[in-house]
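Engineer: Here is what each chain is made of, one letter per residue.
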Amino acid sequence: MKTFRSWLWLLFIAPMSAWALDAELLKGLASDENDVKIATIGKLSDAGDVAAIPALQALFDGALFLTSQGKLVIVAGDAAVDAVNATAIDPVPSDLVSIDINNRVRRELNAALAALKLSAPERAVRLASAKQLQADADAGSLLGIERVLATEQDAEVKEILVLAKAQINLKNADPKVRFGAVKELAATSNPNVKTLLAAMFVKKPDGSFVEPDSAVRLAAIDLLNDIQGRLARLELASHAFNGLSLGSVLLLAALGLAITFGLMGIINMAHGELLMIGAYATFVVQTIFRQHFPASFDWYLAAAVPVAFLATAMVGMALERGVIRLLYGRPLETLLCTWGISLILIQVVRATFGAQNVEVSNPSWMSGGVNFSSGLTLPYNRIVIICFAVVVVALVWFLLNKTRLGLFVRAVTQNRTMADCVGVPTGKIDMWTFGLGSGIAGLGGVALSQIGNVGPELGQSYIVDSFMVVVLGGVGQLAGTVIAAIGLGEVNKFLEPYAGAVMAKILVLVFIILFIQKRPQGLFALKGRSAEALA
Amino acid sequence: MKRRNFLTLTVLAASLAFAGAARAADTIKVGVLHSLSGTMAISETVLKDVALMAFEEINAAGGVMGKKIEPVVVDPASNWPLFAEKARQLLTQDKVAAVFGCWTSVSRKSVLPVFEELNGLLYYPVQYEGEELSKNVFYTGAAPNQQAIPAVEYLMSKDGGEAKRWFLLGTDYVYPRTTNKILRAFLKSKGVDDKDIEEIYTPFGHSDYQTIVGNIKKFSAGGKTAVVSTINGDSNVPFYKELGNQGLKATDVPVVAFSVGEEELRGVDTKPLVGHLAAWNYFMSMKNPTNDAFKKKWAAYTKAKGLSSASKPLTNDPMEATYIGIHMWKQAVEKAKTTDVDKVIVAMAGQTFKAPSGFVAKMDEKNHHLHKPVLIGEIKADGQFSVVWKTAGPIRANPWSPFIAGNESKKDEPVMAGK
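Note that the protein sequences, when read in sequence, are chains Z and Y.
Residue numbering for the first sequence follows our numbering, beginning at 1 and increasing consecutively.
Residue numbering for the second sequence follows our numbering, beginning at 1001 and increasing consecutively.
Heads up, a few of these hints could be off.
[Unchecked claim] Just a few of them, taken from the derived set where beta-carbon distance is under 8 Å, the chain Y residues facing chain Z:
id	residue
1	1037
2	1041
3	1042
4	1066
5	1208
6	1246
7	1267
8	1269
[As the list claims (entries may be wrong)] Pairs of lysine-lysine, BS3-like flavour, derived with a Cα cap of 27 Å:
id	chain 1	residue 1	chain 2	residue 2
9	Y	1354	Y	1390
10	Z	27	Y	1158
11	Z	27	Y	1218
12	Y	1312	Y	1271
13	Y	1188	Y	1390
14	Z	131	Y	1390
15	Z	204	Y	1190
16	Y	1164	Z	203
17	Z	194	Y	1312
18	Y	1224	Y	1190
19	Y	1224	Z	194
20	Z	176	Z	203
21	Z	165	Y	1158
22	Y	1067	Z	204
23	Z	131	Y	1217
24	Y	1195	Z	171
25	Z	204	Y	1271
26	Z	27	Y	1380
27	Y	1195	Z	165
28	Z	171	Y	1158
29	Y	1188	Z	43
30	Y	1218	Z	203
31	Y	1224	Z	204
32	Z	131	Y	1195
Note that these hints are calculated values from the structure, not bench results.
Just so you know, even glycine gets a beta-carbon here, dropped at the ideal spot from N, CA and C.
Assemble the whole structure, with the sequences as input and the hints as a guide.
Structural biologist: Listed below in structure tokens is the structure:
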């Protein structure tokens, strides 16, 4: 085993670091003084020696340790190597002291690693480090960039590096170089460049601009306007995405209610608690996966979706058969009764799972986001929820419009007596419909568990929003619910940057009150005889 | 018939009350007033547990003056008026000798009139905004000069990244608003322009931080930016998730938080958050024998009680402050040889206790606040903090911040009634 491991080292690590590093210089990484650490990192980076990468990376990851003899050791799992010459140390020394770094050192390490990795053989690594360099380009990286530019073959990497170099050259002493840099940056929408350009137009105390050359200033003002235009468009796009994301959350929360309240006309105050039960079902599935199938933990959500649907559908059907069935046609009693049920459900969950929030973690494929070079990031969890909302709406639409159950549901909600006459089992259909609505609420709960906190009061914060969406959309209309949810999300998110989170919400509520005054039937009204019966 | 019923009931009630009184003679009742449900439960539940642990520990060592401590735990459910009701219940009905509780300043402001009216004794274990000094309260958390100001000074320093622009983000209530008022005045005194300070508030329990994180990104394009977060309660989880998902790295825009510790980060994937900061007077990662013993005790306690945190027992600053407060109260009662509130208050002055932070915490002779060290920590990949800056030793609290106008004339000790 031991020999096998050393063979491994010989095969993979040793060739990478065929030459040893300067042990004295490397010791600076373990200094207590951040200034010494940073100077050492700078020297290693300027030397351009790729052998320094493992040590620097280990320092960044917190895997670099100091032994009591003052030796630097890289520890990975249960193996350790000497940071200077990459020889394996077996067994792992027990007297290791970790080397702590702070953000300042981390920043320098980022730049140094990016510069060193520019000469890596893999294109993807080079591309990533070029992007990193562009993001925080400073004069220190110029040397490395120029060295790599001379040999780099890949067009995309080269392009990014040219931009990074131009960014640094905006501060060059030679006006011609600065002018060239402004021209080279023509296509960028990097917000950092905007800051650099804006700095040129700051007036010094004597009234002159920071940028003395008028030709450079002229070119810069054009570029600045371009970038500002591009950034403004991007901001609009990001507001639109945020609105869509909030809208899809509202939609998932309200879709179940659109069926139970919208189609069936039941004022279900326990709807929020059905969302909550869906979220807790997700939590239970997660716990089971964590204990029994840790290997496939990342896919627990796939199992949580049907479980949450069935669990809430079951609760919903029991509710319908046990309580709501007896109260049809008595909306006031239904309201009070379901409100009581919501309190009971909250207490039951509190008694079972405790009053504290439970932890529902995102699967690893839902953390992070899609990055665009301009600084716009679309988080994966938001994208997944938008897609999930689309799928759920499609399923509900299909169920209601293309299946026999859907036909019956529509028949019963439009004209109960007539449906009963032609032999539709209305009682059973009521149960199935309410079960379906509750199940959809459970799916909403799965989605909510991924973006917010899961606690017994989870439903309370969504019940008002859900009713708002359904009423605004027009009772009895799925399409109305969809449009109302997305619309509210967008309005909210476009208002928020100007009015703040609290004010935006108030404005939306005021808007809805005014809207309902003018149009009590909501955005889309049912036409025909059934409309009066519902209202 | 009715009358007889009433009579039996009265007799029964009287005998019960008598039994209660008889029992009370060999125990000392103390109250625990922390939210065990609602938005603050994420932070406060462990404070209840650590208080119970401390009582158990004291009882096992012989109690206070030979009497056992009998805790009365109530749940004010993150509902501020309910805090006042529960406090009144503890003081009048249960007649507790002292109360350990509250997290948010709004809950403390809510119970303060009750404690002053009934001459109760409150130990408040959380950092807060200052601007208060009551004879009936001992503040074992940090005042602004023991947390907020040093944290901002650090971010302005070379090691902290020399921040030039400031994004002050908080939950909408008295603590964040006052702290930000102090910070704004402090930043101005350091030459920061108003246009370089942005102040944003969200309601309790807010969970959609997309726009705000987007705004931070936009704001940070204008120069080196730091975010000062005074978000409280479970909103922190969606906020940090959004930070991680949107890839806002600490090396670009560091976020320093005043109400986020080890416990709040439980359940958040901390790998994308490495380097974001928190300022406290204690971190779980501190290495010293007192802390090792404290952590061991807590781990054993969570296991013995089957608490949900037993699989990953975490300690944090307000837990340490609760622990210090309880032990100092015990010492003061033993010094005063009574639980009488006025005498205990006198005995509290100058009490010292070897705190888990490794320093000796001392109750100031006058201003009811602890002398505490200030620490700034960066989040590590495992959810712990590595200390990147600390004061040489404990510093004295300054509840009346000099950065708020009119504070110069305020006395640094509680004003006694009738004097």
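Engineer: Now tell me if each hint is right for this structure.
Structural biologist: Hints, verified against the model:
Taking 8 Å as the C-beta cut-off, the interface hint given for residue 1037 of chain Y holds, the closest approach to chain Z being about 3 Å. For residue 1041 of chain Y, the shortest C-beta to C-beta distance to chain Z is roughly 5 Å, which falls under 8 Å, so the interface hint holds. For residue 1042 of chain Y, the interface hint holds, since its Cβ comes within 8 Å of a Cβ in chain Z; the closest pair sits about 6 Å apart. The beta carbon of residue 1066 of chain Y comes no nearer than 36 Å to any beta carbon in chain Z, farther than 8 Å, and the hint placing it at the interface is violated.
With 8 Å as the threshold, the beta carbon of residue 1208 of chain Y comes within range of chain Z, its nearest partner Cβ sitting at about 6 Å, so the hint holds. Taking 8 Å as the C-beta contact cut-off toward chain Z, the hint placing residue 1246 of chain Y at the interface holds, the least distance being around 5 Å. A distance limit of 8 Å between C-beta atoms decides the matter here; for residue 1267 of chain Y the minimum to chain Z is near 3 Å, and the interface restraint holds. Interface restraint check: residue 1269 of chain Y against chain Z, minimum CB-CB distance 6 Å, threshold 8 Å, status holds.
Taking the CA atoms of residue 1354 of chain Y and residue 1390 of chain Y, the gap is about 18 Å. The hint holds against a cut of 27 Å. Simply put, residue 27 of chain Z and residue 1158 of chain Y have alpha-carbon atoms about 23 Å apart, close enough for the 27 Å limit, and the pair holds. With a C-alpha separation of about 39 Å, the suggested pair residue 27 of chain Z and residue 1218 of chain Y falls outside the 27 Å cut-off, and the hint is violated. Our distance criterion of 27 Å between C-alpha atoms is met by residue 1312 of chain Y and residue 1271 of chain Y, whose separation comes to about 17 Å.
With a C-alpha separation of about 24 Å, the suggested pairing of residue 1188 of chain Y with residue 1390 of chain Y holds against the 27 Å cut-off. Distance check on the hinted pair: residue 131 of chain Z and residue 1390 of chain Y sit about 35 Å apart at the alpha-carbon level, beyond 27 Å; violated. Restraint check for residue 204 of chain Z and residue 1190 of chain Y: satisfied, since their Cα atoms lie roughly 21 Å apart, inside the 27 Å limit. Of the pairs offered as hints, the one joining residue 1164 of chain Y and residue 203 of chain Z holds, with about 19 Å between alpha carbons and a cut-off of 27 Å not exceeded.
Using a Cα cut-off of 27 Å, the hinted pair residue 194 of chain Z and residue 1312 of chain Y is violated, with the two alpha carbons roughly 46 Å apart. With a C-alpha separation of about 16 Å, the suggested pair residue 1224 of chain Y and residue 1190 of chain Y falls inside the 27 Å cut-off, and the hint holds. Restraint check for residue 1224 of chain Y and residue 194 of chain Z: satisfied, since their Cα atoms lie roughly 14 Å apart, inside the 27 Å limit. Taken as a hint, the residue 176 of chain Z and residue 203 of chain Z pair is honoured in the structure, with Cα atoms around 21 Å apart against an allowance of 27 Å.
Between residue 165 of chain Z and residue 1158 of chain Y, the direct Cα distance comes to roughly 26 Å. Compliance with the 27 Å bound is thereby established for this hinted pair. Our distance criterion of 27 Å between C-alpha atoms is broken by residue 1067 of chain Y and residue 204 of chain Z, whose separation comes to about 74 Å. A C-alpha spacing of about 18 Å is found between residue 131 of chain Z and residue 1217 of chain Y, which places the hinted pair at or below 27 Å, so the restraint holds. Restraint check for residue 1195 of chain Y and residue 171 of chain Z: satisfied, since their Cα atoms lie roughly 25 Å apart, inside the 27 Å limit.
At most 27 Å may separate the alpha-carbon atoms for a hinted pair to count; residue 204 of chain Z and residue 1271 of chain Y exceed this at roughly 43 Å. For the hint pairing residue 27 of chain Z with residue 1380 of chain Y, the CA-to-CA distance comes to about 23 Å; that is within 27 Å, so the pair holds. Between residue 1195 of chain Y and residue 165 of chain Z the CA atoms are separated by roughly 31 Å; this puts the pair beyond 27 Å, and the hint is violated. For a cut-off of 27 Å, the pair hint linking residue 171 of chain Z to residue 1158 of chain Y stands: about 22 Å separates their Cα positions.
With a CA separation close to 38 Å, the supplied pair residue 1188 of chain Y and residue 43 of chain Z exceeds the 27 Å bound. Restraint check: the Cα-Cα separation between residue 1218 of chain Y and residue 203 of chain Z comes to about 23 Å, which is no more than 27 Å; the hinted pair holds. With a C-alpha separation of about 21 Å, the suggested pairing of residue 1224 of chain Y with residue 204 of chain Z holds against the 27 Å cut-off. Distance restraint check for residue 131 of chain Z and residue 1195 of chain Y: the Cα-Cα separation of roughly 30 Å exceeds the 27 Å cut-off, and the hinted pair is therefore not satisfied.
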